[in-house]
Amino acid sequence: MAEPTVERAHPPIVAAVDGSEVSRRALRRAGSLAAALGAELIVVHGVGLLEGAGYRDHVELEEVVIAELGPERAHGAPAVRTVVQDGPAALVVARVVADHGAGLVVVGRRGRGRTTNPLGSTTSALLETVGVDVLVVADSPPALPAPPPPATGRPAAVGE
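Counting from 0, one number per residue, gives the positions in the sequence shown under numbering that gives the first Met the number 0.
Calculated directly from the structure, the hints in this document are not laboratory data. Hints should not be assumed to be uniformly reliable.
As the list claims (entries may be wrong) - Computed Cβ-Cβ distance ranges for the label pairs, DEER-style:
| id | residue 1 | residue 2 | range |
| --- | --- | --- | --- |
| 1 | Gly69 | Gly130 | 26 to 36 angstroms |
| 2 | Gln84 | Pro146 | 19 to 29 angstroms |
| 3 | Glu59 | Ala137 | 17 to 27 angstroms |
Glycine included, C-beta positions come from ideal geometry on N, C-alpha and C.
All chains, please: the whole structure from these sequences, using the hints.
See the structure below:
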């Protein structure tokens, strides 16, 4: 039986979560955006080969959602749904985006993989394939540069 469709002002927001700290930050950002926009939040996890075979820790998505968004779920977002499917994360997320008409994907810069590339493979694939806006969340809050030291002495005049 199909779920009833609720008319919302903003299309759903999809948060891709792999259990890493940056994906948890992405989930918190997506929850805040969903609440502010009155959008449904769909939290997605693709169970890849390593996790499925037991080589990587299993992600308990409901527990992650409660830990990051609180038991009241999503800081007041109208609805929060979780989706866990077998398959490569980028394909699972892209399928959910298409199936639910999502308007935004929120993802961490790099997940649990060991790449040294600026973006992880899932993030790169999503940027190239989903056809909707993708918000990439940084690994940690940006550090602000230190202010320049105060000027000393008098300024040099040209031609001195």
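Cross-check of the supplied hints:
1. Gly69 <-> Gly130: 26 to 36 angstroms: Roughly 32 angstroms apart at Cβ, these two residues keep to the hinted range, so it holds.
2. Gln84 <-> Pro146: 19 to 29 angstroms: violated (49 angstroms)
3. Glu59 <-> Ala137: 17 to 27 angstroms: holds (25 angstroms)
Checked against the numbered hints given earlier, the structure breaks only hint 2 and satisfies all the rest.
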